[in-house]
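Residue numbers (the working numbering), protein chains in the order written: chain A, 1 to 415; chain B, 416 to 826.
Hints are computed from structural coordinates only; laboratory data are not their basis. Treat the hints with care, since some could be wrong.
Said to hold, decoys possible - Here are the computed lysine to aspartate or glutamate pairs in the DMTMM-like style, where the Cα-Cα straight-line distance is at most 25 Å: (1) A:K225 / B:D748; (2) A:K279 / B:D466; (3) A:K225 / B:D665.
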Amino acid sequence: MDKSKYPLSGIRVLDFGWVAAGPSATKILADMGAEVIKVESRKRPDTTRFTPDNIERSPETDPAFHSLNRNKLGITIDMTKPEGCELLRKLAAKTDIVLENFFPGVMKKFGLDYESLRKVKPDIIMVSMPGLGNWGPQAETPSYAPGLAALSGLESMVGYKGERALGLQQPYSDYNAGTNSAFAALAALIHRNRTGEGQNIEVAQIEALVACIGEAVLDYQVTGKVPGLEGNRHGRMAPYNNYLCDGDDKWVSIAVRTDEEWKNLVEVMADEPRLKNEKFAAMDGRMANQDELDVVISDWTISRSAEEITEMLQEKGVAAFPCMDIGDCFLDPHFQDREVFIPLEHPVSGDEFIANLSWKMSETNGGVYRSAPLWGQHNHYVFGEVLGLSQEEIARLEDAEVIQKFQEPERKNKG
Amino acid sequence: MTGTKRHPQPLDHLTVIEIGNNISTAYGAKMLADQGAEVIKVEDPLTAEMDRTERILPGDEKTGCLFAYINCNKLGVRLNLETEKGQKVLADLVRKADILVEGNRPSRAKELGLDYETLSKINPRLLVASITPFGQTGPYCEYNAYAITVSAAGASSVCIGEPGRTPLPLPLSQVHFQSAAMAATALLGGILAREFTGRGQHIDISEAEVWITHFTGHAVIAYVFHNRRRIRSGHKTQALFPNGIFHCKDGYISLLAMRGEQWKAYLNILGEGKMPDWYANDERFTRTSFRELNVKYGDELEVLMEKWLMTKTKNEIFELGRINHVALAPVRDIREVLEDPHLNDRKYFVDVDDPQFGRLKYPQSALRFSQTPSAVYRPAPTLGEHNEEIFCKRLGYTKEYVNELAECGVI
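Between the sequences and the hints, there should be enough to build the whole structure, so can you do that?
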């Protein structure tokens with residue numbers, strides 16, 4: 001595959017990201033063609049090598065790891081040994097971007113913080129993604145994605161009206177911070193290309209989340225009302241809900257914003273006379289009688305499939321779509337047409353499907369060109385070719401257990 | 416007070432045209448504006464009124480602040496693209512721009528002269544990002560969608576809520592903001608590519624696909640090979656480690672123990688310095704591996720845990736978690752977030768004077784650059800506020816011509 005036409009062709013990233021936040025940022029950079037070198041240690045494995053979806057429990061069989069770390073190179077090194085950190089500083093000197101999401105202070109302890117790395121590479125770009133920030137009274141707080149969503153106020157709005165808070169139950173913070181950090185790295189790269197100046201960027205995940213609910217922060221100041229659990233309610237749209245359809249736990253989302261869309265919905269659901277009631281004719285009436293409206297629409301959707309309803313309403317320009325699970329998305333003709341999932345062979349797990357890039361660029365798209373690295377798979381390339389160490393020197397470092405030697409895992413029999 | 420624009424900023428040299436008032440296009444352009452790009456927001460005089468008053472949170476009759484929030488740092492003009500003269504103005508804007516962001520259905524974009532083929536003829540160096548629910552191609556490319564629809568399509572809603580009950584969408588505008596952030600990121604990739612190609616390109620962003628590829632798609636292999644489906648699981652995840660939102664004295668506390676030693680540390684908090692008796696004396700718990708606890712005894716453990724949690728406030732528990740290095744976090748409401756001492760110490764909220772709402776504390780860009788710090792230096796534009804500045808000063812139109820355009824309803 002010709003990577004020279006990818007947007008980040010020739011850019012090297014030293015990736016200290018682990019779990020999901022850091023890796024999801026560098027995934028974007030790697031998809032754009034940057035050479036991302038993932039730094040790992042066998043002593044403290046990336047927890048994403050052992051998620052609940054990893055049925056086989058081998059470090060090389062985790063599907064989430066394969067998805068988040070495709071396109072990256074992998075090295076294994078012992079960062080608790082001073083010589084290991086020295087090697088990483090030398091590598092940083094040949095790198096454009098360094099990214100990390102460790103606990104505050106960890107990079108400094110290893111002599112790999114911005115001030116240290118700037119000495120070996122003056123125009124280095126460093127992106128840190130701490131949960132609560134690298135400074136401030138609560139910076140040193142252990143945090144994972146769910147707790148950060150709780151602290152940001154987001155979780156306080158997730159749940160059925162008048163009931164208990166439920167939370168998102170998905171690692172939203174990780175992926176949100178990931179995109180934000182990739183964006184920041186690219187902006188810094190543009191600045192460096194123009195001015196020759198590198199910089200240190202802090203993306204506190206908590207702040208990146210509060211930015212996502214900014215309008216609620218402002219609304220509260222204007223109205224004095226603290227937003228609570230809103231269920232499926234929207235301030236300007238009715239109907240706005242997920243409705244039970246024919247089948248087992250099948251739902252369809254329907255939302256109406258304009259009177260024209262409403263007229264079209266009534267036309268599609270023509271065999272439901274209650275929708276023609278005057279009180280539903282204008283948005284104010286629909287908002288005021290939303291519970292009743294939901295019952296009427298549910299009575300109509302319950303005997304039809306979510307797909308059929310979607311087709312009928314979209315034909316008339318009304319926003320509707322089934323509540324998909326990831327398997328539904330995988331099998332859907334539209335997403336198949338757009339190659340949202342693509343096959344990728346992994347040396348241990350064999351043929352897998354993986355989610356494609358999150359954009360389609362007409363000229364320099366990037367691509368999925370390499371499966372996720374095995375533990376230490378690219379030690380020899382990185383330390384030999386990138387850093388220029390001799391084979392003897394690499395062997396010495398392996399014997400000293402500074403570089404953790406690559407061990408060929410058992411490959412899956414195919415067929 | 417509203418701050419001043421500081422220089423240099425990474426995107427100082429870029430001009431962005433933002434068409435319309437979609438939440439995703441507006442937020443994407445805001446991300447570029449926050450890093451210094453000059454964003455010219457082009458609003459259709461016919462639909463601007465409705466878009467500007469978008470209110471996401473129910474229960475209040477006042478105009479919502481969404482527009483004010485996602486349009487600060489921008490310039491604003493009015494322009495009716497459905498007129499021949501309007502199209503000429505658009506072409507003049509496009510000639511001087513680096514990026515155009517739009518969010519129309521593909522057929523509608525073509526009608527408005529916003530398709531890539533037309534735009535690239537006017538300016539081959541222009542990058543065009545189209546952010547639509549389902550992308551530029553495929554059977555659903557003309558489908559209409561709002562936040563709840565995209566959340567459904569992106570395999571997200573199906574995982575939020577109680578088992579068997581109505582799926583819930585992600586709150587507020589999350590799906591739009593995420594598509595926006597991905598579009599802004601891809602655009603910067605396009606700007607870097609332009610440094611060596613010399614040309615612009617078309618960037619197709621499907622909101623549903625941003626969700627599937629970046630947020631939920633990691634589960635596809637588990638689905639394909641092991642038929643493992645993610646479903647709603649209420650206030651606890653279906654994952655194997657103890658993870659969820661639990662009651663405490665004055666609200667809720669979020670707990671996640673990723674590793675066995677974290678679970679032990681948490682139990683020591685519950686037992687105030689030692690493993691609680693109800694746990695230590697129950698062989699079912701002590702003999703079960705950490706990874707199976709939640710599946711086997713999750714409900715029972717929750718009842719036992721909450722007995723202690725209900726005696727403590729969320730801030731007391733948060734502090735105990737911090738000291739003992741356990742991820743325990745209070746579920747905060749918006750008021751608590753705005754008053755949070757940590758965020759305020761970091762000066763995350765900044766005062767902005769909005770012409771409609773007065774002085775409010777805005778969350779600023781979360782990206783803190785050491786050499787090129789960003790600032791909120793301008794509130795969202797009023798409708799057509801910068802007509803004269805853009806059309807006369809930037810495009811060089813005479814005052815007479817601008818008046819003529821205004822009189823025939825083009826601007």
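Status of each hint after checking the structure:
About 11 Å separates the Cα atoms of K225 (chain A) and D748 (chain B), which keeps this hinted pair within 25 Å; it holds. For the hint pairing K279 (chain A) with D466 (chain B), the CA-to-CA distance comes to about 24 Å; that is within 25 Å, so the pair holds. For the suggested pair K225 (chain A) and D665 (chain B), the alpha carbons sit about 19 Å apart, so the restraint of at most 25 Å is met.
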